[in-house]
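The task is simple: from the sequences and hints, build the whole structure.
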Amino acid sequence: MKGHTNRFGLVAFAAVAFTAMIQPALAQDAAAASTIASADAQYIFNTLLFLIGGFLVMWMAAGFCMLECGLVRSKNASMQATKNVALFSIAGIMYWAVGYNIMYDGVDGGFIGSVTPKIIPAIDKDAGTYTVASDWFFQMVFCATTASIVSGTLAERIKLWPFLIFVIILTGFIYPIQGAWKWGGGWLASGADTSWIKDVSGGEFQDFAGSTIVHSVGGWAALVGALLLGARTGKYSPGGTITPMPGSSIPLAALGTFILWLGWFGFNGASQLAIGTISDASAVSRIFVNTNLAACGGVVVALVTTQLLYGKVDTTMVLNGALAGLVAITAEPLTPTPLAAIVIGGVGGLIVVLTVPLLDKLRIDDVVGAVPVHLFAGIWGTMAVPLTNGDANFMAQAIGIGAIGGFVIVASLIVWTLLKFTIGLRPSLEDELEGLDKAEIGIEAYPEFGTGSQRLAG
Amino acid sequence: MKGHTNRFGLVAFAAVAFTAMIQPALAQDAAAASTIASADAQYIFNTLLFLIGGFLVMWMAAGFCMLECGLVRSKNASMQATKNVALFSIAGIMYWAVGYNIMYDGVDGGFIGSVTPKIIPAIDKDAGTYTVASDWFFQMVFCATTASIVSGTLAERIKLWPFLIFVIILTGFIYPIQGAWKWGGGWLASGADTSWIKDVSGGEFQDFAGSTIVHSVGGWAALVGALLLGARTGKYSPGGTITPMPGSSIPLAALGTFILWLGWFGFNGASQLAIGTISDASAVSRIFVNTNLAACGGVVVALVTTQLLYGKVDTTMVLNGALAGLVAITAEPLTPTPLAAIVIGGVGGLIVVLTVPLLDKLRIDDVVGAVPVHLFAGIWGTMAVPLTNGDANFMAQAIGIGAIGGFVIVASLIVWTLLKFTIGLRPSLEDELEGLDKAEIGIEAYPEFGTGSQRLAG
Amino acid sequence: MKGHTNRFGLVAFAAVAFTAMIQPALAQDAAAASTIASADAQYIFNTLLFLIGGFLVMWMAAGFCMLECGLVRSKNASMQATKNVALFSIAGIMYWAVGYNIMYDGVDGGFIGSVTPKIIPAIDKDAGTYTVASDWFFQMVFCATTASIVSGTLAERIKLWPFLIFVIILTGFIYPIQGAWKWGGGWLASGADTSWIKDVSGGEFQDFAGSTIVHSVGGWAALVGALLLGARTGKYSPGGTITPMPGSSIPLAALGTFILWLGWFGFNGASQLAIGTISDASAVSRIFVNTNLAACGGVVVALVTTQLLYGKVDTTMVLNGALAGLVAITAEPLTPTPLAAIVIGGVGGLIVVLTVPLLDKLRIDDVVGAVPVHLFAGIWGTMAVPLTNGDANFMAQAIGIGAIGGFVIVASLIVWTLLKFTIGLRPSLEDELEGLDKAEIGIEAYPEFGTGSQRLAG
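Protein chains in written order, with the working numbering: chain A, 28 to 485; chain B, 28 to 485; chain C, 28 to 485.
Simulated from the structure, these hints should not be mistaken for laboratory data.
Honestly, I wouldn't trust all of these hints.
Any copy will do: because identical chains look the same in the list, a pair fits if it lies in one copy or spans two.
DSS-like mimics (lysine-lysine), calculated; alpha carbons at most 30 Å apart, straight line [what the hints assert, rightly or not]:
(1) K447 with K225
(2) K465 with K186
(3) K339 with K225
(4) K262 with K465
(5) K225 with K262
(6) K465 with K225
(7) K186 with K225
(8) K262 with K339
So, in structure tokens, the structure goes:
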């Protein structure tokens, strides 16, 4: 069975099928046996999917870290690396301590589960169709992703500790509470006694892998934070001039994008939650294809539109185009045809190209473009679900987006405000201009290279 | 079953075997049941192999990106990152739009399949021994690899858009057409009515994972491009002096090499196309071992020979030695013994050390050494197949290499020539000297570091 | 089964269970069939675990490379990249040529196996519960890890070739010999005729994935090397001043840490050695959870303690805190509860924060902090096993640590001493000050950036 020819594979399959046909009596018993036998195998396949999907999404933490280290100025790169390692660690602990059970334990059509630590059994035979621990691991890395998104927008002018305190609240409470509403079987999920939603919308909110539940949540929290925090000093002059503050390393930003792209196969693919049947294996495979094509669509649209608009291709727009394509397909990576996936991702790319300058006009300083990528493309992707999935409709999607957005805005606003008026969010002007690496970390990212903090304006 | 002792594993296996022995009647039924039961499990195992192999090969796109960003000068690093993200996206779309079906749909002993988009079924039960979507995904990343190879050779003096147009043709047509000949069941494959090849050579062309079908194709396209494009300005002076133009970041180049090395386990391992039987699982495992050892061989030979030849170890040669070893083993990673794998890879490393300077003497400017690595070591690996695989012979290998090489040379020459005399391939001299990041992209790779474009000639 | 709801999965599982309940006679046969059927599937699952775990641990070689490239000064970064690629290659060849069989072939309660190359069968049906080749691959990458650890400590002042010769001995002999004692079924393993250990300690040495057998071995070899090699010139002045020599790229160091963190899921998870049963799948999943939480614990403790001790968060301590947490949990990642895993990892982080300055006080120059991370946290993790695993006790753990430590210290001392007094370990003072990239490699890591070798002392 060498090379890429599928000839022999087909022959082998035919032989098996033939054996089944000529032994009908045996095959009948065997079919039942197969059902039983595959219960164990399915359990292992599903668990393996969570473990593989989980380590791929964990790897996205490195992707965000590289993307952000590449897109901040060198005087803040150690800070950004520190934040990314720290937020992933805090998310892990908080999602164990309270997050998972808030999201999944006894939500039962309501708004919140139990505020208790997650118990991870040593051996959990018969507990479901996969191990509890693999599920926790997979859900945890989603929670961490939400925090990574916030980190990028607020870079270069937020102190370390208030940011980390926000991460504690976000990963332990804000993300899990809204996550409970749909994925935890809460009031936004089917089976819940929320007949008013069905009366109003005629259906149920659909978000396969989290365009809204993960990406827009990070996006809203980041946007509210950016509004309270204000822009980097010198970014927007009183006269209306916008000073570009180019990132310190485009290759690292490209690396981060590729890492995120790779991780997204786990993010979307393993959100099928099962790979123990032919049907599930087909679904996961199709999700891989659509996820990839959506990213491709985002890239190509960003390439072409920045060339047309600016006469040059903008690398950061191309990178964000890939990510916006990925975010857009996340709400429904299974039902679209390949062509639809390209279009959905392409519109995501277009959204980034159009809204990154818009935020600048509004003087909202989003260092890495996370709000266009994760919030705007996330809303687009969620609203696009009914285009390819007959179980979804626009009103139910809007209700989900609105409810989750409203909650995250209010909750984030409270936390950011409390932080602002207690320990404060911003470093001193002096510290900001000198760079947070020197001021807060004491370790420069590139002590031997350039003199970023002196050569480039604040 | 803790730690790395296999004691308990053996006990468990023995228990199973013992149970089978004392229950002969039951075991007979069960054996049949096992056959049936495993049809589903095999399908899932095979699909999983494609998905895992596929994401590993996708990751190679990041490897090429890092390798090339590290080996170009900093004034062209944003351009190189842009090209690598763009080419992977174009490859994905083109391989869906026409490539896959050209390569696999109805080739039937001929030269080309159908020029139609690939249909990805939602659920494809009974369609073969793995899902169609997983196969498309796996084949697509191979197609993208071919384009990545071209990118490196032509770096630093080709404009973005002509390069991307070439990628469209390469990934949509050139790669799939020649791929159809062997892997798509065309005229180079067994079963095809090509008795004249068997009459001449006594056998069939063998290329397990693409030393010729993937790597040499990229290499030929790159070589033809380099000849038409010419060298970087200042690289070869009229007097015969060769000006070194060292890469901007050896750590990124090393990272790229490690990424490629990792991805190659998917490239070669999943080219077994199945892991649903003990025999296939053994084959995939053995391929992992040989793939790794060939890379090791390439590294050690490059270490020793550059030390002997130049009195110093040359890092870029060592990195390319690893890659050449990997390319060399790709034509046949299954049949060699470990020792043979080390030798095959080692010769690959030697080829790089000897032919990189040769290209410079011929004034062919290959920025990253992709032609020695992918073309020369690819030819070596393909010709080495008969040394360990009794089904192969030198004449058939030479026919395959020659036919594919001839086609790619002619096709590439036509496309490059058309591009050269229409929109043009090279940026202006001024743009090239200033660096393509400023001229074509508008975003410098490292705006705060160094002043590469001013400090280094060329 | 869309999104992250497990509703439908439970339904499917219930259906299977229900079918089994109402068909007791059939189910009985089927249960036996399941046992037989799963023998093949188990074999494939286990093999897949080794292959996936293996490529994740292989990827750790890139993690060490990036961590070390980031933590050395730019004038030595090419050298560090070269060493990391070279040592992984040498480890691969040596572990095939002699290492594996020394460690696993015919140890039989003794001190060493056979000094012969490992035979990798083409197909190894019935050879155990996984393929021989997948096991070799998985064990090989552990061997390579040991060498990676040494590389970091001795950076910036050891010549290339003596280091590589040490790697040959370490990976071919030192690591495999001590590995044979426990994992190869030697005198430290159960079943061995070592009743005196049981008489003394009442139990058996336990080291699940190698806190001692892998990490402390690298740590001891590094420590002995550092003592013989001496510190970097200028690091410790006669007056007692310690000159900081900050690393050239914190983002690369952070990338390396994330790579290692990712790879550790393979390191610990696949050390379960099987995933073909529900029990094993549960164990692997739980190991993923504990491995992650231990790293989280290490990070959070390093964050808080460096803030309290120094008034600033120290990024390199945070990165090393993650790694120390991972090393600490490696000896027993299965039995701890999540909370215990956080504590075990947290103590690892504390150890790093406390002992990195201690080494400096002792004027032992460990460039990347590998001795605190891999040796000190490795000892802690090994001694912590009895806290959660009833099969372990402190005396047996101490005997294992002592025996392995003693052997590695003596063996390393002999090899380092022989190298020191024959070909010499250190470059000339001039070469060291100029940087090893220029002196030994001839290729600067960042030829266009900064002027590290001129601007920073030492």
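For this session: Could you figure out if K465 and K225 sit no more than 30 Å apart (CA to CA) within one copy, between two copies, both or neither?
Result: So K465 and K225 fail the 30 Å test inside a copy (55 Å) and across (55 Å) alike.
Exercise. Should K262 paired with K339 be assigned to within, between, both, or neither, using CA atoms and 30 Å as the limit?
Worked result: Both, since 23 Å and 27 Å are each at most 30 Å.
Problem set entry | Within, between, both or neither: K465, K186 at alpha-carbon 30 Å | within (12 Å within a copy, 33 Å between copies)
Exercise. Given identical chains, is K186 near K225, meaning Cα to Cα at most 30 Å, within a copy, between copies, both, or neither?
Worked result: neither (44 Å within a copy, 55 Å between copies)
Exercise. What label fits K447 with K225 when the C-alpha limit is 30 Å: within, between, both, or neither?
Worked result: neither (40 Å within a copy, 61 Å between copies)
For this session: Evaluate K225 and K262 at a C-alpha cut-off of 30 Å and name the case that applies: within, between, both or neither.
Result: Neither: 46 Å inside a chain and 70 Å across chains, both beyond 30 Å.
Problem set entry | Status of K465 relative to K262 across identical chains (alpha carbons, at most 30 Å) | both (20 Å within a copy, 22 Å between copies)
Exercise. How do K339 and K225 come out at 30 Å by Cα distance, when the copy is not named: within, between, both, or neither?
Worked result: For K339 and K225, neither the intra-copy (48 Å) nor the inter-copy (53 Å) Cα distance is at most 30 Å.
Consistency with the previously given hints fails for numbers 1, 3, 5, 6, 7, ordered from lowest to highest.
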